[in-house]
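**Q** Listed below, chain by chain, are the residues.
Protein chains: 2
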Amino acid sequence: MELLRDDAVRECYSFDATGARCLPEAVAFLEGTEDAVELVRLCRREGLCIVPRGAGTGFVGGSVPSRGCVVASLERMNSILDVDTKNQVALVEPGVVTARLQEAVKGFGFMYPPDPSSLESCTVGGNVATNAGGPRAVKYGVTADYVKGVEAVLGTGEVFCQLERVRKCVVGLNLVPLFVGSEGTLGIITRVLLRLVPLPEMTLTFLLCFSSLEDAGVAVERIMASGILPCALEIMDITSIECVRKYRSVDVPGGIEALLIVELDGFEDEVKRAKDALLNLVSDLCREVVEAGDEEDVERIWAVRRAISPSLMEIAPTKINEDVTVPVSRLAEALSAYREVGRRYGLPVVCFGHAGDGNIHVNIMTDRDDEVLWRKALDATRDIFMSTVALGGVLSGEHGVGLSKRPYLGFQMETRSLDIYRRVKAALDPEGIMNPGKKF
Amino acid sequence: MELLRDDAVRECYSFDATGARCLPEAVAFLEGTEDAVELVRLCRREGLCIVPRGAGTGFVGGSVPSRGCVVASLERMNSILDVDTKNQVALVEPGVVTARLQEAVKGFGFMYPPDPSSLESCTVGGNVATNAGGPRAVKYGVTADYVKGVEAVLGTGEVFCQLERVRKCVVGLNLVPLFVGSEGTLGIITRVLLRLVPLPEMTLTFLLCFSSLEDAGVAVERIMASGILPCALEIMDITSIECVRKYRSVDVPGGIEALLIVELDGFEDEVKRAKDALLNLVSDLCREVVEAGDEEDVERIWAVRRAISPSLMEIAPTKINEDVTVPVSRLAEALSAYREVGRRYGLPVVCFGHAGDGNIHVNIMTDRDDEVLWRKALDATRDIFMSTVALGGVLSGEHGVGLSKRPYLGFQMETRSLDIYRRVKAALDPEGIMNPGKKF
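Chains A and B supply the protein sequences, listed in that same order.
Sequential numbering of the first sequence, starting at 2, is according to the numbering used here.
Sequential numbering of the second sequence, starting at 2, is according to the numbering used here.
No lab work stands behind these hints: they were computed from the structure.
Keep in mind the model is a prediction, meaning the values are calculated, not measured.
Please note that a few of the clues may not be correct.
[Stated by the list, open to error] List of simulated lysine-lysine pairs, BS3-like, C-alpha gap at most 27 angstroms:
| id | chain 1 | residue 1 | chain 2 | residue 2 |
| --- | --- | --- | --- | --- |
| 1 | A | Lys-107 | A | Lys-140 |
| 2 | B | Lys-377 | A | Lys-276 |
| 3 | B | Lys-276 | A | Lys-87 |
| 4 | B | Lys-276 | A | Lys-107 |
| 5 | B | Lys-276 | A | Lys-276 |
| 6 | B | Lys-140 | A | Lys-107 |
| 7 | B | Lys-140 | B | Lys-247 |
| 8 | A | Lys-276 | B | Lys-273 |
| 9 | B | Lys-273 | A | Lys-273 |
| 10 | B | Lys-87 | A | Lys-140 |
| 11 | A | Lys-273 | B | Lys-276 |
| 12 | A | Lys-377 | A | Lys-320 |
| 13 | B | Lys-107 | A | Lys-276 |
| 14 | A | Lys-140 | B | Lys-273 |
| 15 | A | Lys-140 | B | Lys-140 |
| 16 | A | Lys-273 | A | Lys-107 |
| 17 | A | Lys-273 | B | Lys-377 |
| 18 | A | Lys-273 | B | Lys-87 |
| 19 | B | Lys-273 | A | Lys-107 |
| 20 | B | Lys-107 | A | Lys-87 |
| 21 | A | Lys-276 | B | Lys-320 |
| 22 | B | Lys-276 | B | Lys-107 |
[Stated by the list, open to error] Chain A residues, not near chain B, derived (Cβ > 12 angstroms throughout):
| id | residue |
| --- | --- |
| 23 | Ser-67 |
| 24 | Glu-296 |
| 25 | Gly-359 |
Heads up, the beta-carbon is just placed ideally off N, CA and C, and yes, glycines get one too.
Work out the full structure, taking the sequences as your base and the hints as a guide.
**A** Below, the structure written as structure tokens:
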């Protein structure tokens, strides 16, 4: 373990993608499980806390240090230890970059499905800590659906290890899922056993164009209630389309207020039949359908989706990026409610994301340096959370709570639930040294 | 809530399918969440403990009362509260019989996949408590893969409730999976939100006949390492075949030492292609293939599988029924090891079950009233657990630990892990009133 205390290094590990910032006491570069044990012991002795960190790509400040924290950087623990094709699992260290793992298992004919947008830079450990999703989650599920085992060094310094390569186990309590989405508050994850699935045989990609956001919402509800299970079902509202238009050329006909990107994968016949069923299902709602003819077309369609985030900065200097999630059956209502919030405060509210999961990225465009606009944006954020919960939804689908969403937890859960969560945390981290001030 | 104390009632709730027996102090018939809260309060006040009970079909004594226990019977809480086709979930009370739920959702075009052998009598709550599997688990997963939310009354009397109908959520710790497989040691489960999947279009059923158990084991390893994912892949060894033969007529050619039952389901084209791939894959190992031509054939094949358990009593008065699980890649080795244990002690050891999951029902046939045979059977049980763990396996794939497997926990896990589990339990049940003496 290398432990660095110089200012330049501490500066580099003081923030994440939210822009929130706090200097850590030191940065520890872990190289194995024993290092994590040593770091926990050291910090307990010295009265310091620990914030585990993958690539720092999070959107909620989960890996931003609190005062008196040492950053436990997992970036050097980046080995793919084993790709076990017979048992269809991979054993990896937490610092492996997600795209690298996907590429590695592809060579064996397998897919590791979770695909957060940051997959070229984020790490598996960070994905586990936040239960990361992505476009493919609608068919393949989120990170939790692939974590079969973990090894973690708890806040006590104990090593919890459950890495058996079995498909079923009812021995001991099922603690593995507890670590998934725990945002570093229970321990330092040092190894992960991941389930793999066979690569699909065929994939088709479509761009569906709608005259209204509500029509697109209804189409999503219909698709998800039918037998068709697309491997991606992404939505873009008019503001996201216009932002991207300013940023790069987009072939979208006039009068279009919403887009869906639909991807179907599986066996060839299955995919072809799903295509027919899909087109039939949306024919009365959809103004135009574009089917990708080749790899370039596919790339062009996804480039539009990926351009949203960077292009938003064209319309306002600050964005508040939420990832609320509602039951799929309430999607159309939720989209209307979010648009109404934007109107109420006179702020652009951009909606896009994982419609098939009811998981919408709601971006409130504002200016942090303009007191009036900033105040409005905070009020709009509160209203969006309240609308979401009123529709049976939750504050976060895949980003987590971290620092940013803590003030709003009371909207979704009673104090009673928080007490229960705190007691479970205390069972694994009794002194509260793991990522304090986050999530709870 | 009706609370009965008369001897006849207490007698009826004193045992499960293991035959272990202990009279409860009383039996409480719960009719809603409020009743569960009232019972927990009452028991805390009176210094009593609680054992939640579904249908009592368990194989490990998990629902057998300990001394000073009140049985919390969930059988009257048997309503299917909602089948929500838009969000593809069902909200049910714990006392719903599994087969009844399956039948109910079938009417909406959906399937609830978990199919333990006792599905005609066992309940959803019991399935959740033991994380029940079944033949279809190889493709569709176990109960844990379908539990999206639970409401449970904890050992403190608090109501934990997470029933949002969303597909993604990273708010709070992920406690829902903790209740799955917790064997009643954390609280009384009062409502369950279950994921549903669309019914498959086509199902094909095959009986594959092998000259040796090892060949059958190798076939399983090959199938599971290929892209084919059968919805059932069950194995029967020679002793199970012979037992069934004594019990009913079975059309199996001479010289056959092992059978596989393989079921393929999905879209028509997908199933047909999987069939070709399957037959190609096992052609050099398999002596004969029987394909079910109609519903009657299918029934005949599964009747053989279901006849194993009752027919075992033909060869010995007592069976010790274990459900060890190994990595699928070690299945052939495990089957050899179990047979060798039988030879060593001169006892029939019958192996059958969920080969595709590496989850084998190992039945040691003995006589509890014969001291020598009983001692041998206990030694054989110990050896089977030791072989399983040496192959990277676990003591239980779907039955749980309950009373029966507690003495063997040390084979699989260190005291350290047990400490961690106990602390997590204590966070939800600090006084230890929930199903004491089980699992840990």
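**Q** Each hint needs a verdict: does it hold in this structure or not?
**A** Each hint, compared with the structure:
1. For the hint linking A/Lys-107 to A/Lys-140, the alpha-carbon distance of about 18 angstroms falls within 27 angstroms, and the restraint holds.
2. Taking the CA atoms of B/Lys-377 and A/Lys-276, the gap is about 61 angstroms. The hint is violated against a cut of 27 angstroms.
3. Taking the CA atoms of B/Lys-276 and A/Lys-87, the gap is near 20 angstroms; set against the 27 angstroms cutoff, the hint holds.
4. Between B/Lys-276 and A/Lys-107 the alpha-carbon distance is near 25 angstroms, which keeps this suggested pair within the 27 angstroms criterion.
5. Restraint check for B/Lys-276 and A/Lys-276: satisfied, since their Cα atoms lie roughly 24 angstroms apart, inside the 27 angstroms limit.
6. For the given pair, B/Lys-140 sits about 21 angstroms from A/Lys-107 by alpha-carbon distance, which is consistent with the 27 angstroms threshold.
7. With a CA separation close to 32 angstroms, the supplied pair B/Lys-140 and B/Lys-247 exceeds the 27 angstroms bound.
8. Pair hint A/Lys-276 plus B/Lys-273 holds up; C-alpha atoms about 20 angstroms apart against a cutoff of 27 angstroms.
9. Using a Cα cut-off of 27 angstroms, the hinted pair B/Lys-273 and A/Lys-273 holds, with the two alpha carbons roughly 16 angstroms apart.
10. Annotation: proposed proximity of B/Lys-87 to A/Lys-140 holds, straight-line Cα distance about 16 angstroms (limit 27 angstroms).
11. Of the supplied pair hints, the one linking A/Lys-273 and B/Lys-276 holds, its CA atoms being roughly 20 angstroms apart against a limit of 27 angstroms.
12. Simply put, A/Lys-377 and A/Lys-320 have alpha-carbon atoms about 12 angstroms apart, close enough for the 27 angstroms limit, and the pair holds.
13. Note on B/Lys-107 and A/Lys-276: the hinted pairing holds, with a Cα-Cα distance of about 25 angstroms set against a maximum of 27 angstroms.
14. Using a Cα cut-off of 27 angstroms, the hinted pair A/Lys-140 and B/Lys-273 holds, with the two alpha carbons roughly 23 angstroms apart.
15. With a C-alpha separation of about 15 angstroms, the suggested pairing of A/Lys-140 with B/Lys-140 holds against the 27 angstroms cut-off.
16. Between A/Lys-273 and A/Lys-107, the direct Cα distance comes to roughly 24 angstroms. Compliance with the 27 angstroms bound is thereby established for this hinted pair.
17. For the proposed pair A/Lys-273 and B/Lys-377, the alpha carbon gap of about 59 angstroms is over 27 angstroms, so the pair is violated.
18. With a C-alpha separation of about 24 angstroms, the suggested pairing of A/Lys-273 with B/Lys-87 holds against the 27 angstroms cut-off.
19. As the CA atoms of B/Lys-273 and A/Lys-107 are separated by approximately 26 angstroms, the hinted pair is consistent with the 27 angstroms bound.
20. With a CA separation close to 34 angstroms, the supplied pair B/Lys-107 and A/Lys-87 exceeds the 27 angstroms bound.
21. For the given pair, A/Lys-276 sits about 53 angstroms from B/Lys-320 by alpha-carbon distance, which is inconsistent with the 27 angstroms threshold.
22. Distance restraint check for B/Lys-276 and B/Lys-107: the Cα-Cα separation of roughly 25 angstroms lies within the 27 angstroms cut-off, and the hinted pair is therefore satisfied.
23. Interface exclusion of A/Ser-67 from chain B stands, the closest Cβ pair being 19 angstroms apart, more than 12 angstroms.
24. With a least beta-carbon separation of about 23 angstroms from chain B, A/Glu-296 lies farther than 12 angstroms from that chain, consistent with its non-interface assignment.
25. For A/Gly-359, the shortest C-beta to C-beta distance to chain B comes to about 6 angstroms, within the 12 angstroms cut-off, and the non-interface label is violated.
Comparing the model with each earlier hint shows violations of hints 2, 7, 17, 20, 21, 25; every other hint is respected.
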